[in-house]
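First to last, the sequence lines map onto chains Y and H. The first sequence maps to residues 1 to 114 in this note's numbering. The second sequence maps to residues 115 to 227 in this note's numbering.
Calculated directly from the structure, the hints in this document are not laboratory data. Bear in mind the structure is a predicted one, so any value in this text is a computation, not a measurement. Glycine included, every Cβ here is placed at the ideal spot set by N, Cα and C. It cannot be assumed that every hint is accurate.
Pulled a few chain H residues facing chain Y out of the computed Cβ check, cut under 7 Å [as the list claims (entries may be wrong)]:
1. N145
2. L157
3. L204
Covered by chain H, according to a simulated footprint, are these stretches of chain Y (three or more residues, beta-carbon under 8 Å) [said to hold, decoys possible]:
4. 31 to 43
5. 46 to 59
6. 103 to 114
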Amino acid sequence: AQSVAQPEDQVNVAEGNPLTVKCTYSVSGNPYLFWYVQYPNRGLQFLLKYITGDNLVKGSYGFEAEFNKSQTSFHLKKPSALVSDSALYFCAVRDGANFNKFYFGSGTKLNVKP
Amino acid sequence: DVKVTQSSRYLVKRTGEKVFLECVQDMDHENMFWYRQDPGLGLRLIYFSYDVKMKEKGDIPEGYSVSREKKERFSLILESASTNQTSMYLCASSPRQENQPQHFGDGTRLSIL
Numbered sequence: 001a002q003s004v005a006q007p008e009d010q011v012n013v014a015e016g017n018p019l020t021v022k023c024t025y026s027v028s029g030n031p032y033l034f035w036y037v038q039y040p041n042r043g044l045q046f047l048l049k050y051i052t053g054d055n056l057v058k059g060s061y062g063f064e065a066e067f068n069k070s071q072t073s074f075h076l077k078k079p080s081a082l083v084s085d086s087a088l089y090f091c092a093v094r095d096g097a098n099f100n101k102f103y104f105g106s107g108t109k110l111n112v113k114p
Numbered sequence: 115d116v117k118v119t120q121s122s123r124y125l126v127k128r129t130g131e132k133v134f135l136e137c138v139q140d141m142d143h144e145n146m147f148w149y150r151q152d153p154g155l156g157l158r159l160i161y162f163s164y165d166v167k168m169k170e171k172g173d174i175p176e177g178y179s180v181s182r183e184k185k186e187r188f189s190l191i192l193e194s195a196s197t198n199q200t201s202m203y204l205c206a207s208s209p210r211q212e213n214q215p216q217h218f219g220d221g222t223r224l225s226i227l
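So that you can see chain Y by itself, here it is in the shape it has in the complex (with noise of 0.2 Å):
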């Protein structure tokens, strides 16, 4: 069956420090995983995805994501974080057999602080 977990519930960090959101999952056949943020009262917006190819893959507002095939883990990234950055965060991963399903993990709140 296929799955996603985020273990972690909120994430705390310093403005100006990295960031790492964590996402491991698990799924049979290729895994496409992708990452969304959700500001407060706004829906899901996508930032990045994983298909094949390179493992450090490049997104939007200057994220990226890590892909660990042996670890099956897709982080999340940032290299110095914004306050803006603050919200809650989405790892998802879309069924490589039923293409019509997607699997969301439960979201992790990211506060960075000034």
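Fit chain H to the given chain Y structure using the hints.
Frame of chain Y; chain H shown alone:
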């Protein structure tokens, strides 16, 4: 850019009313989805549709129905609204290809009194 538009940002209805939430996408996507989002429960899939007039139940379909008469429009219907259906409702669309993400609307915050 893909645009997914939900007809209302905020909606207040009364218990027992029939409620319609509308969603329109402008990118000719085959798939459309309705989720509800509640604190501590993440996103839960209510229904999705992979083509006109086609639908499949998600994880929590009870108390809801959907309609997809045109490719661009996907409606969520609360047959008889109850207070436990107070929630944030999110619509999304995606193309059929496996390497493409979903695109979300801004959500409808629905309160049932």
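Hints, verified against the model:
no.: 1; hint: N145; in the structure: holds (6 Å)
no.: 2; hint: L157; in the structure: holds (5 Å)
no.: 3; hint: L204; in the structure: holds (6 Å)
no.: 4; hint: 31 to 43; in the structure: holds (count 6)
no.: 5; hint: 46 to 59; in the structure: holds (count 3)
no.: 6; hint: 103 to 114; in the structure: holds (count 4)
Of the numbered hints listed earlier, not one is contradicted by the structure.
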